[in-house]
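Trainee: Per UniProt numbering, the sequence shown runs over residues 1 to 275.
Be a bit skeptical, because a hint or two may be false.
[Stated by the list, open to error] With a cut-off of at most 25 Å between alpha-carbon atoms, the simulated PhoX-like pairs for lysine-lysine come out as follows:
1. LYS110 - LYS20
2. LYS20 - LYS66
3. LYS194 - LYS103
4. LYS20 - LYS75
5. LYS110 - LYS194
[As the list claims (entries may be wrong)] Okay, the calculated beta carbon distance ranges per label pair:
6. VAL270 - LYS94: 32 to 40 Å
7. LEU116 - LEU73: 37 to 45 Å
8. THR212 - LEU116: 46 to 54 Å
9. LEU262 - TRP183: 32 to 40 Å
In short, the hints are calculated from the structure, not lab data.
By construction, the Cβ of each residue, glycine as well, lies at the ideal position given by its N, Cα and C atoms.
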Amino acid sequence: MLLICSSVFRFFSSTSSVHKIDTVVAAHLRIQYIRLATYLDDWLLVNAQEKMLISDREKTPNLQIKQGFIVNLQKSSRIPSQEITYIGTLFNFKKEIVSPTTKCMEIILKLEMLVLSLIKGHNTARHYLMLLGLISCCIEFISNTRLYMRPIQLHLLHFWKPSTKDLTYQIPFTQHLKDHLNWWLDRSNTIKSKSLHQLSATVTITTDASKTGFGGHMNNQIFQGCWSVQEQKQQIHLLELEAVIRTIQHFLPQLKNQYVPLKRDNTTVVQYVNK
Numbered sequence: 001m002l003l004i005c006s007s008v009f010r011f012f013s014s015t016s017s018v019h020k021i022d023t024v025v026a027a028h029l030r031i032q033y034i035r036l037a038t039y040l041d042d043w044l045l046v047n048a049q050e051k052m053l054i055s056d057r058e059k060t061p062n063l064q065i066k067q068g069f070i071v072n073l074q075k076s077s078r079i080p081s082q083e084i085t086y087i088g089t090l091f092n093f094k095k096e097i098v099s100p101t102t103k104c105m106e107i108i109l110k111l112e113m114l115v116l117s118l119i120k121g122h123n124t125a126r127h128y129l130m131l132l133g134l135i136s137c138c139i140e141f142i143s144n145t146r147l148y149m150r151p152i153q154l155h156l157l158h159f160w161k162p163s164t165k166d167l168t169y170q171i172p173f174t175q176h177l178k179d180h181l182n183w184w185l186d187r188s189n190t191i192k193s194k195s196l197h198q199l200s201a202t203v204t205i206t207t208d209a210s211k212t213g214f215g216g217h218m219n220n221q222i223f224q225g226c227w228s229v230q231e232q233k234q235q236i237h238l239l240e241l242e243a244v245i246r247t248i249q250h251f252l253p254q255l256k257n258q259y260v261p262l263k264r265d266n267t268t269v270v271q272y273v274n275k
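When you get a sec, could you build the whole thing from the sequences and use the hints?
Mentor: Put into structure tokens, the structure is as follows:
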């Protein structure tokens, strides 16, 4: 059972300088077995034992004050608790869930208004970018946010290129896009709590690709194929991604309702998939 304490710090320096000092101080504290998370000037201390957390709470500000930090006590939550708001999200360690705060609900309301605006025909590139910006704010408290924002991103980029078209450019609206937008209007998707538990893998897929062919592996099953002459001319990163797509499509009937980690040896592909 985790007890947590949040402290907010205020700085009188440039952002880049603060970040460098911040990183060094946090690293020094972690060497002393103090568990903490930092986000700009918001700090979160974590410990399973209340006495240890109180001790950590004293060590952390003392070190930071020595480094020129100013502790903003009015914005700090210094009493150990299992329920606390951190970077706009409500953490409840008793229930082991993360929930939207009042501020998050305001973002969701604005998001819904923008979605309805798009459906009604306000479809400039600016409207799409505003919507994607609000969706990005929801990544920490709405499950699979990136998954459900991707179709909107792809739709925008299919019709609009920032290098050649301005923000007032009208983006065509399709039924396919509407189906994806409707997901964001369903409160059961946007305001439900997110579990702090990491799902256990039930199935693992491994894929690989070369300039001549590709292969995929799941449990004791293998899927493989060769690229066409035209496909062989593509960049290797694209072939690696295509290998992932084809392998998942092949095993898709067996992947329903499963948590599926994907193993790749191409770091670029890994970063792309994780986004």
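Trainee: Now look at each hint and say whether the structure bears it out.
Mentor: Here is what the structure says about each hint:
About 35 Å separates the Cα atoms of LYS110 and LYS20, which puts this hinted pair outside 25 Å; it is violated. Proposed proximity of LYS20 and LYS66 is supported: the alpha carbons are some 16 Å apart, at most 25 Å. Only pairs whose Cα atoms come within 25 Å are accepted, and LYS194 paired with LYS103 is accepted, the gap being roughly 17 Å. Under the criterion of a C-alpha separation no larger than 25 Å, the hint pairing LYS20 with LYS75 is consistent with the structure, at around 23 Å.
The hinted pair formed by LYS110 and LYS194 meets the criterion: a straight-line CA distance of about 21 Å does not exceed 25 Å. Between VAL270 and LYS94 the beta carbons are some 34 Å apart, a value that agrees with the proposed interval 32 to 40 Å. Roughly 42 Å separates the CB atoms of LEU116 and LEU73, a value that falls within the hinted 37 to 45 Å. Remark: the range hint 46 to 54 Å for THR212 to LEU116 is upheld by a beta-carbon distance near 49 Å.
Remark: the range hint 32 to 40 Å for LEU262 to TRP183 is contradicted by a beta-carbon distance near 23 Å.
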